[in-house]
Amino acid sequence: MKTLVLIEHEGGQVKDASLATVTAAGKLGSVHALVAGEGVEAKQAAEATAKIAGVDKVLLASDAAYAHMLAENIADLIVPLMADYEALLCNATSNGKNVAPRVAALLDVMQVSDIIAIDGERTFKRPIYAGNAIATVESSDAKLVITVRGTSFEKAPIEGGTPPIEEVSGKGDASLSSFVGCETQTSERPELTSAKVIVSGGRALKDAATFEQLIVPLADKLGAGIGASRAAVDAGYVPNDYQVGQTGKIVAPELYIAIGISGAIQHLAGMKESKTIVAINKDGDAPIFQIADIGLVGDLFQIVPELTAKL
Amino acid sequence: MKILVPVKRVIDYNVRPRVKPDGSGVDLANVKMSMNPFDEIAVEEAIRLKEKGAAAEIVAVSIGPVKAQETLRTALAMGADRAILVQTDDEVEPLAVAKILKAIVDEEQPGMVLMGKQAIDDDSNQTGQMLAALWGRPQGTFASKVEVSGDSVNVTREVDGGLETVSLKLPAVVTTDLRLNEPRYASLPNIMKAKSKLLTVKAPADYGVDTAPRLKVTNVSEPPVRQAGVKVGSVDELVSKLKALGVA
Ligand SMILES: Cc1cc2nc3c(=O)[nH]c(=O)nc-3n(C[C@H](O)[C@H](O)[C@H](O)COP(=O)(O)OP(=O)(O)OC[C@H]3O[C@@H](n4cnc5c(N)ncnc54)[C@H](O)[C@@H]3O)c2cc1C
Ligand SMILES: Nc1ncnc2c1ncn2[C@@H]1O[C@H](COP(=O)(O)O)[C@@H](O)[C@H]1O
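Sequence order for the protein chains is A and B. Quick note: the first sequence uses the numbering used here, first residue 1, plus one each step. Quick note: the second sequence uses the numbering used here, first residue 312, plus one each step.
A couple of the hints might just be wrong.
In silico EDC-like links for lysine to aspartate or glutamate, alpha-carbon gap of 16 angstroms or less [what the hints assert, rightly or not]:
| no. | chain 1 | residue 1 | chain 2 | residue 2 |
| --- | --- | --- | --- | --- |
| 1 | B | K413 | A | D108 |
| 2 | B | K527 | A | D119 |
| 3 | B | K552 | A | D293 |
| 4 | B | K542 | A | D293 |
| 5 | A | K272 | B | E533 |
The following label-pair restraints were derived from C-beta to C-beta distances [what the hints assert, rightly or not]:
| no. | chain 1 | residue 1 | chain 2 | residue 2 | range |
| --- | --- | --- | --- | --- | --- |
| 6 | A | E10 | B | R537 | 30 to 36 angstroms |
| 7 | A | V168 | B | S463 | 27 to 33 angstroms |
| 8 | B | G473 | A | E254 | 21 to 27 angstroms |
| 9 | A | A208 | B | E418 | 33 to 39 angstroms |
| 10 | A | E159 | B | N325 | 46 to 52 angstroms |
I should point out that these hints are in silico values taken from the structure, not numbers from a laboratory. We treat Cβ as the ideally placed atom computed from N, Cα and C, and that holds for glycine.
Using the sequences provided together with the hints, build the complete structure.
Structure, rendered in structure tokens:
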């Protein structure tokens, strides 16, 4: 099967989620990778993509219309390219989820969302009901459009490939939408979806200042990314991109420390694949303890500073 | 402008879904069902736009069994003006839902379709994007802020890196994220009033849409269960456990 992977990139670098998607595509057949963007950054990203082991060819579409991944423009670029491919794979990230269904509908294909395993050429496993059930689905469509859960596939090595880069072009700007601006935090911390350790705080952290005082030093000690429950985000302790869960980020670090988080199913959906889960909660019956490998019942306001000091 | 709000009847978000032992699906018999939480947010946002004078009429639509009338009545009680039920007992996949919605859009000519980003049963997160594609209109997905001005709408989107704002030409599809608003409860008088609002019942065939599934679900299973581990008695014990695991 010939597959096309939509690469996500930033500052000329390929995002980790795309490396996992390349691995998933490789299980289906040959892998061509599409880099869409503008100017030097897109060119650098295409060069980086060409080094990824397992990529057989890179398509580079460079146009101002592709700079911000606007779904209307990117879908119009991908649809004609799909004449040569049997499958499109995108990351199950906010960008992938935005673009892939638009392409799927234009190709008259029912998308397979958020796959966690490939059981055969057209058979996939995907979580439903916030991960409380796993469905095995078989597609009968002529082409496949798939989004891939990054934590379920190994990252393809970023060295080893030497495929050609071919320039492609599309319609450019569909004149339906435009980018106005963004508020993104650039931080030195590891990105949540690829962090090895995550320290996550819940509603119990009281307010933004307390969250910062308690969670940040512990995360610094562990070189960890910082996550949060929805309750903590809603209460304004941290920005929305910290949210872990069914409707936030899906993470699977080596170590996940849940502090003052009760363990609602929507939260567990985003972190229960973590290798080791530690829970700190004053309520010994909190559902989080049902899935924690190591639990400590007690007051986080005493425990967390002590833990930070002793690590 | 008219706003169309698709609402889906799904398992209540507080209920823990149980997989049927024969692997055929999730057991929904005698389970509490409610409006998909993201769709409640969409209904609320439509009402707020109407209250601000940016919308004139709100039409709620659901594709599902006869019981989905309850979901539509909830939308009407919150403040939608009328409702359409496209009645079917079959499971309708997002692509077919999008096609039915497209046919309704052609009839109703709304200025905006406001819907949930994700149904909490299938977790597909695709119907809105598909509708926008079939309609040839722009999409503002995962919205945490919606501002209509003239013939365009600014949508602030929750994206992986933070927030992003896009400007879309109307008509457009907007899908809601959790922080867009907090949905109101319907008051008793409004629940009574909703009973007399117009609810039209249709069938997928009325729109010429084939709802045969493209994805065959061959099995539904429980996820691997995670064993609860140990409880430690002190921070020192926790630290030594973490060290033993090599994670700290
Ligand atoms: C459609 C939908 C989608 C959702 N998606 C998500 C999602 O993606 N992610 C998510 O997280 N949630 C999500 N939610 C919300 C979810 O249902 C819960 O409401 C939320 O996860 C609760 O957050 P919490 O555990 O921080 O707060 P709470 O449930 O209030 O728990 C706080 C915990 O802190 C403990 N505690 C309090 N004080 C202390 C102390 N001093 N020391 C130690 N422990 C203490 C308490 O015992 C309690 O267990 C979603 C909900 C809906 C309806
Ligand atoms: N059967 C349905 N009836 C009405 N609206 C639906 C239906 N299925 C999906 N939707 C809408 O599409 C959104 C996304 O659903 P999904 O793509 O299935 O995750 C939901 O939040 C609803 O607004």
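Practice item. For the range 30 to 36 angstroms, tell me whether the beta carbons of E10(A) and R537(B) fit it or not. Key: holds, 33 angstroms
Check your understanding: If you draw a straight line from the CA of K413(B) to the CA of D108(A), is it 16 angstroms or shorter?
Key -> holds, 13 angstroms
Review point. Between A208(A) and E418(B), does the beta-carbon spacing fit 33 to 39 angstroms?
Key: violated, 48 angstroms
Practice item. Starting from K542(B), check that the Cα of D293(A) is at most 16 angstroms away, please. Key: holds, 8 angstroms
**Study point:** Restraint status (C-alpha distance of K552(B) to D293(A) at most 16 angstroms)
**Key:** holds, 10 angstroms
Exercise for review: Go ahead and decide if the range 46 to 52 angstroms is satisfied by the Cβ distance of E159(A) to N325(B).
Suggested key: For N325(B) against E159(A), whose Cβ atoms are near 48 angstroms apart, the range 46 to 52 angstroms holds.
Review point. Does D119(A) lie within 16 angstroms of K527(B) when you go C-alpha to C-alpha?
Key: holds, 14 angstroms
Point to revise | Restraint check for K272(A) with E533(B), where alpha carbons must lie at most 16 angstroms apart | key: holds, 14 angstroms
Exercise for review: Check the following: the C-beta atoms of G473(B) and E254(A) are separated by a distance inside 21 to 27 angstroms.
Suggested key: Holds, since G473(B) and E254(A) (Cβ atoms, about 25 angstroms apart) stay within the stated range.
Point to revise | Status of the given 27 to 33 angstroms range, CB of S463(B) versus CB of V168(A) | key: Holds, since V168(A) and S463(B) (Cβ atoms, about 30 angstroms apart) stay within the stated range.
The structure fails hint 9 only (numbered hints given earlier).
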